[in-house]
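Participant: Fit chains X, U and L to the supplied structure of chain W, relying on the hints for placement.
There are 4 protein chains.
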Amino acid sequence: MIIVVSPEAAPGDIDHIVARIEESGRQAHLSVGAERTIIGVIGSDSPELLDTFLVLPGVESVHQVTKPYRLVSREFRGDDTVIEVGHGVTVGGGELAVMAGPCSIENEEHIFESAQAVKAAGANILRGGAYKPRSSPYAFRGLGEVGLRYLAAAGRELDMPVITELMSTSEIDVVCEYTDIIQIGARNMQNFMLLDAVGKTRKPVMLKRALSGQIEEWLLAAEYIVAQGNPNVILCERGIRTFETAYRNTFDINAIPLVKELSHLPVIADPSHGTGKFGLVEPVAKGAIAAGADGLMIEVHDRPDHALSDGAQSLTYERFAGLMRSVAQVAAAVGRDISAVGVAAGAR
Amino acid sequence: MIIVVSPEAAPGDIDHIVARIEESGRQAHLSVGAERTIIGVIGSDSPELLDTFLVLPGVESVHQVTKPYRLVSREFRGDDTVIEVGHGVTVGGGELAVMAGPCSIENEEHIFESAQAVKAAGANILRGGAYKPRSSPYAFRGLGEVGLRYLAAAGRELDMPVITELMSTSEIDVVCEYTDIIQIGARNMQNFMLLDAVGKTRKPVMLKRALSGQIEEWLLAAEYIVAQGNPNVILCERGIRTFETAYRNTFDINAIPLVKELSHLPVIADPSHGTGKFGLVEPVAKGAIAAGADGLMIEVHDRPDHALSDGAQSLTYERFAGLMRSVAQVAAAVGRDISAVGVAAGAR
Amino acid sequence: MIIVVSPEAAPGDIDHIVARIEESGRQAHLSVGAERTIIGVIGSDSPELLDTFLVLPGVESVHQVTKPYRLVSREFRGDDTVIEVGHGVTVGGGELAVMAGPCSIENEEHIFESAQAVKAAGANILRGGAYKPRSSPYAFRGLGEVGLRYLAAAGRELDMPVITELMSTSEIDVVCEYTDIIQIGARNMQNFMLLDAVGKTRKPVMLKRALSGQIEEWLLAAEYIVAQGNPNVILCERGIRTFETAYRNTFDINAIPLVKELSHLPVIADPSHGTGKFGLVEPVAKGAIAAGADGLMIEVHDRPDHALSDGAQSLTYERFAGLMRSVAQVAAAVGRDISAVGVAAGAR
Amino acid sequence: MIIVVSPEAAPGDIDHIVARIEESGRQAHLSVGAERTIIGVIGSDSPELLDTFLVLPGVESVHQVTKPYRLVSREFRGDDTVIEVGHGVTVGGGELAVMAGPCSIENEEHIFESAQAVKAAGANILRGGAYKPRSSPYAFRGLGEVGLRYLAAAGRELDMPVITELMSTSEIDVVCEYTDIIQIGARNMQNFMLLDAVGKTRKPVMLKRALSGQIEEWLLAAEYIVAQGNPNVILCERGIRTFETAYRNTFDINAIPLVKELSHLPVIADPSHGTGKFGLVEPVAKGAIAAGADGLMIEVHDRPDHALSDGAQSLTYERFAGLMRSVAQVAAAVGRDISAVGVAAGAR
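Residue numbers (our numbering), protein chains in the order written: chain W, 1 to 348; chain X, 349 to 696; chain U, 697 to 1044; chain L, 1045 to 1392.
It is worth saying that the hints were derived from the structure and are not from the lab.
There could be a bad hint or two in this list.
Unchecked claim - Okay, derived cross-link-like pairs now, DSSO-like style, lysine-lysine, Cα gap no bigger than 30 Å in a straight line:
{"hint": "1", "chain 1": "X", "residue 1": "K548", "chain 2": "X", "residue 2": "K415"}
{"hint": "2", "chain 1": "U", "residue 1": "K763", "chain 2": "W", "residue 2": "K67"}
{"hint": "3", "chain 1": "W", "residue 1": "K203", "chain 2": "W", "residue 2": "K67"}
{"hint": "4", "chain 1": "L", "residue 1": "K1244", "chain 2": "L", "residue 2": "K1111"}
{"hint": "5", "chain 1": "W", "residue 1": "K200", "chain 2": "X", "residue 2": "K548"}
{"hint": "6", "chain 1": "X", "residue 1": "K415", "chain 2": "L", "residue 2": "K1111"}
{"hint": "7", "chain 1": "U", "residue 1": "K763", "chain 2": "U", "residue 2": "K896"}
{"hint": "8", "chain 1": "U", "residue 1": "K896", "chain 2": "L", "residue 2": "K1244"}
This is chain W alone, in the form it adopts within the complex:
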């Protein structure tokens, strides 16, 4: 940590700052420049320490020099993490993962039919929501456990791992029973109790970035999970909230290569939420793969105008199959292994 001393600091201020550094069990290293005096704090950084120094008289600014996350960083682990998610499917490490299915599990027949359609088009993981976070208390909020049972059955039948969202620690046991991958939604990225709880399981966890989650906060949220002993974390970029109102969210493509540089964890792109408009899903999916994403999560519905949620961003089976063909071309062009998704790049 580095403390910049204000040019208007009073004579005793520097002594006081040094004393406070030493009180914290660290050492101070002074460097007197022409314009500013700078004090290096030798010893480990901590978030509280930043605040501590900021309020001391004579301090102009405080700069952190180490990153606040460790276990999820590239420094800690140079190789890409590859996660086995069941049924022989892996996420990370070159192979493209494609999670697809309806936003909500609507009924038994529908999730089976959806699973068949997305598998036929090349998806290798089945998604479906049983507990739905909805802005309005009057909207459809999911089938709950019965939905999970349908989802698990469809996954077994089609030999696909399944992913579903966990919204509260109180459902963790039932969700773990039925799912292969636990999804933590954007609105729960900083639900720290939930992060701790999934960290205590060994299930793969897909952690979505919050609507206004900074990269550093997102990686810290992943750190919560890994720090509890669960190394199987998949990140998911799903669009951020900006001033632009032409789409529901703004897909942040910069995040893909940056997160892969900062962390060894795999990163999935969700262009369905990242745009909120079905017409933009395919081009943004291609963009995300070209930029290095390890896979996609796509909402698919046979009749989007009858979907119980997220119809506006859902692709029909036909559009999804088209997306898979064109994504396969792009994936091949950037050197991805697309054997898992079962679509020939030349099949366009």
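Facilitator: For chains X, U and L alone, coordinates are given in the frame of chain W:
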């Protein structure tokens, strides 16, 4: 709901849209203009319906005409809600409420001493965190139940209601046992399971706005609580996340008068989080009161450079007493009843 | 400037960084810590230098330690700047300045009538636009020079200084001929040629903050003007662009006390643009004054539903007079001198 | 335009709204629903009209149903615009355009050498700045006309069209003399006088999106130019300003397919500014092309740590050549014609 038909719609598209409206149990009302055909949907709006229409061929845009929240709206209830929070203190309805205390409950002696100091300066509600949401898993996360016990004891001793944050449904019983007001933090504004749970209690709930929470989403989150049967909701503006990096958050003063126009619920301002810098807390507190806030929440610490959390935005006892004197002046100028906070406006 | 060396830096990287520092005419000061090596750069900072070091191999991050603006900073000048704007009116230094009038100058009679109305209510500076920045090329774009003539005549007649917006260097002479204060609009905050041009005059300049202008960029834009020799700069906070769609802009009240801490220049609040909704103008105006603004700019129109621009945020004469009475109360409560605005604080 | 009447409207309000609509020369069409009365306004929309209706008593909200831009819309022109920019190069229409070169023109030799390097790697348009918008008045601001002369000479010598930024109407003649494409920078997207001025030339204009420019505003800015008679407008997405601080700007990939859906104008991606970090330029460039961009603008410098501006986001010649090879692969995968950029897709 209003559907705007695209000028490029195919001949059968309008018939199809009308049929889908009628299938949903509503009626369609066509209006053919020079530039666009518009279809009014007669019957109640719902979030799913918006998506339903957006994906129909020939639809250019869909506009909601009713607000998605009801129980918390001014339309539903014209008079201001006034909430009894215990020890004879009310929030809303003319009287100024001031919640103050340390960010975290640090130990028994400290919370007692803090309570005495903030009460002496004019605060009428005591705050203190026992479960702390922290970006980093390595930061101090609160004393838990033992902290709640200290807080409740300090409130009893000083005859002040107390407020503390609830982070998870699993702590709801213990938090309810010790606190007078439950705080839902910004990061949990859309933790819908938690909203449901506090909606089933009858405790006053203070609901903070999320970092990127739109006014409509915030009121919908309040609607979740009220829809479960708990009408005692207090809103709290605590700053939003913007592009500006000169402060931790940007206090949104516009929200104060707008929320009071749209809703009958009281609104508290939290300039400590709303700025993140102790030097800005007092001017922004005065601004919020001048703009019509029903009260303040302020972080106070005897030695901010030794605070276990949020030191940079905490006021010393002395600064807090100064804030109370100047806020009382402003409150009097805008016609607020400041008898509860026990500071004479002329005492400056 | 401080350079943080990456823990993965190659052996020769530090030598290379030091060499590059010395090549730039500065000195390097190494500090080897347990977790990171830090290199202090001794000598003046510059924006190019930041980029220079960021791209060197082995550099993890670069931190600026001095502020990039000088002449407008509190360090450079401790006392508040007070600007004479004509007709005996000053901006800054304790006295409240109130600029009011229609968005656009519509015709001669209208600007005279508006001037009388706002003066009667207590405004001491007359505003009116002759060159209007409009998002659409099909909107009303102002009367140009003829409008300026009407504005100047109204100001002379009512003994009030006038303010109007300058949009391009090509109108600088004609605008300077007729106006007392030149306004630089939000969309031109970083129109550097325009900043240079007004810096070469000695007219008072009111510089609005850009829609996404950071505080540092805003002060640097002011520095452009002062660096050319014109010290008469007034800052104006007019709301920023955020994710919130309930208002046109989000008035940033934090900016008021922060800018007054960082700079000696006066700061005016524009709650008309800062909210975009007439119903929010008065509460936000009171809030801005309570937080320390040196004055207000308010759009006023006798019949807002017939205004040629900005009707939705314009106050009627009656509402404006009401605003002035309640603002005077707040101003008195925070110790402002309101003699100039001619409204007795007790007149409410 | 559609007016939603408040349920609390007074009896005469609707009559008054209808009268105001008719006064404006339009017709009113009432539709009385269960929850709200809706008034359709028949006749052309205009921005002023929105404000007019918003302030009428009894109005709850006003919705625009037609887009405010016309000439640049897909409705106006279904086919993609293809622009001849000189030396046989076109922008739009299938062929990939790549603009590359240094941020600033530094001296004659440097721009020649840069031109050779970027051409050898496959660029077909040469970029270089002679007038530089800089946040700080103390930064290098470009060589001015002498720089333009070097740039034009390099373009002639290498048989490449050139592009350079115009910052003010006062330089329009000299810039037009030397350049093939005029660039309007992000900070001038709403410098309406400048838009008018370039609209009066027939030179191709590349219009960058503002830091906080909404898609609709960006297209309206293009409309300004086309409305003056110049149809040769190229759009350029260069990243927007968000809450994320890990990069200088957030490249908005959603904008690429959306703008191509709404408008017939070509769209160029600028990942150099869109990320601000050289390490992210290549992945984001590939993503933008995969998502449908018509070309790229890339900053290149032989020694980024000696660049006079934007060093941190500049690619070395070698990195740029690598980018061109990998972009060519992606472009081929999405069916782009890459013959113009002279890089074999198989050359990787």
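Participant: Indicate, hint by hint, whether the structure satisfies it.
Facilitator: Outcome of the hint check:
1. K548/X / K415/X: It holds: about 24 Å lies between the C-alpha atoms, which stays within 30 Å.
2. K763/U / K67/W: With Cα atoms ~24 Å apart, K763/U and K67/W stay inside 30 Å; holds.
3. K203/W / K67/W: Given that 30 Å is the threshold and the Cα spacing comes to 27 Å, the pair holds.
4. K1244/L / K1111/L: OK: K1244/L and K1111/L at ~24 Å, within 30 Å.
5. K200/W / K548/X: Given pair K200/W, K548/X holds - Cα atoms ~29 Å apart, limit 30 Å.
6. K415/X / K1111/L: holds (24 Å)
7. K763/U / K896/U: Holds, because 24 Å separates the two Cα atoms, which is no more than 30 Å.
8. K896/U / K1244/L: holds (29 Å)
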